[in-house]
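Spelled out from the first residue to the last, the chains are:
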Amino acid sequence: MTPTEYEYLRKFLRDHSGLDLSADKQYLIESRLLPLARKTGLSGITELVQKLQGLGSSVLATSVVEAMTTNETFFFRDKVPFDHFRDTIMPEVLKARAGRRSVRIWCAAGSTGQEPYSLAMCLKEMGAALTGWRVEIIATDLSQEVLEKAKAGVYSQFEVQRGLPIQMLVKYFKQTGETWQINPELRAMIQHRQLNLLHDFAQLGTFDVIFCRNVLIYFDQDTKINIFNRLARQIEGDGFLVLGAAETVVGLTDAFRPIAERRGLYKPNDARAVAGKPVLAGAVPRMAAIAGL
Amino acid sequence: MKTCLVVDDSSVVRKIARRILEGLEFEVTEAEDGSKALEICQQKLPDAVLLDWNMPVMDGFEFMGHMRRLPGGDQPKVVFCTTENNVAHIAQALSGGANEYIMKPFDKDIIADKFAEVGLIPVGQAFA
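Those protein sequence lines, which keep their order, are chains V and Y. The opening residue of the first sequence carries number 1 in full-length UniProt numbering; numbering runs sequentially from there. The opening residue of the second sequence carries number 1 in full-length UniProt numbering; numbering runs sequentially from there.
None of these hints come from the bench; they were simulated from the model. All of these numbers come straight from a predicted model, not from anything done at the bench. Treat the hints loosely; a few may be bogus.
[To be verified] Have a look at the derived ranges for each label pair, beta carbon to beta carbon:
no., chain 1, residue 1, chain 2, residue 2, range
1, Y, 58, V, 181, 27 to 37 Å
2, Y, 42, V, 257, 51 to 61 Å
3, Y, 42, V, 181, 36 to 46 Å
4, Y, 3, V, 3, 20 to 30 Å
5, V, 2, Y, 3, 24 to 34 Å
6, V, 136, Y, 71, 50 to 60 Å
7, V, 183, Y, 97, 19 to 29 Å
8, Y, 39, V, 257, 33 to 43 Å
9, V, 194, Y, 42, 56 to 66 Å
10, V, 144, Y, 3, 48 to 58 Å
11, V, 87, Y, 97, 24 to 34 Å
12, Y, 39, V, 83, 20 to 30 Å
[Unchecked claim] In silico DSBU-like links for lysine-lysine, alpha-carbon gap of 30 Å or less:
no., chain 1, residue 1, chain 2, residue 2
13, Y, 15, V, 151
14, Y, 104, V, 124
15, V, 174, Y, 108
16, V, 79, Y, 104
17, Y, 104, V, 25
18, Y, 15, Y, 44
19, V, 11, Y, 108
20, V, 151, Y, 104
21, Y, 2, Y, 77
22, V, 151, V, 124
23, V, 79, Y, 36
Think of the CB as a built atom: it goes at the ideal place given N, C-alpha and C, for glycine as much as any other residue.
Turn these sequences into a full structure, and let the hints guide you.
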């Protein structure tokens, strides 16, 4: 990709979607747009840019914008899990932990920070109920670059308009030119750490709540089962696991069970009950059936 | 079918907004300034107003004040959609009775998110 082509695409994306790429995001463009170019029967980025510059390519323009933005995370993504957090999870945790007055939350795919900051805002909105409590939110991600962005808590105008109610923007962010930064008080609530879920994460300790949304979809079945079973060891017996809308433990592991009428919410099963019923032996035939083996 | 009044002095913006809102299954009417929008509201109030701020004749903020004082004028959801992107304007709009606020440029996802936020469309639809 020539510098002229990159500049054209940067401006194109800014104009069409508000997506503001810095000067060094060539890799991101290539990784997202090369597959699109091939799928559309174009030879590469050069031809794609030529097509965009020509007239009557609005379908292609839309595809380009979508390819560049769909994997972006946003505040209060899917909304429902955060309603569950406020209405189901936290009331139970407040009761169960009233003695030690502390709660530990892990965002296992913290990405660029929208999810942990959304949880921090939920907790802030609970006001006095958490006075005197020690609240820990650990946000982990594979990518150092992504973690840096999460730590800074600086978002474009485009990003703060996805999922974030306007009252929360005014209340919890400070505007600096065209960008918005989340308040220091909320930034201080979160510890950011680099972590690969494939590696051992026992050192993180035990959590009351684990958000692990839309990351396991990238792994194969065996890896998913392995991660679920290791997650089960890091969660309190009465804790909560939150998965993405399209994800489930069903058919993969007996370490967790879904909570009725709370989509995406899971509780760990009693460790002894799980031990009495070997997880893999039960899961594999069902998996094989799903895979059509 | 829910109705949405799009108020913007740019015919291009109105056209883009109309296409997005019709995709979200709204019946759309248009007005090019606050005064014309008020005439429409005096006939029949819409379920939603997508409202620009700076317009000739009557601006969006003044229009909202008049509309909110009409009988039943507290009912429509008002979503500002403007290039005014500073906290002072946002706070003024909210205290003046706006339900949500979009900073231009906007796209389909932002409109769907904001409309879902104020209950104009189901949350699921915003992610469809």
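message: Need the list of violated hint numbers for this structure, in ascending order.
response: 4, 5, 8, 12, 13 and 23
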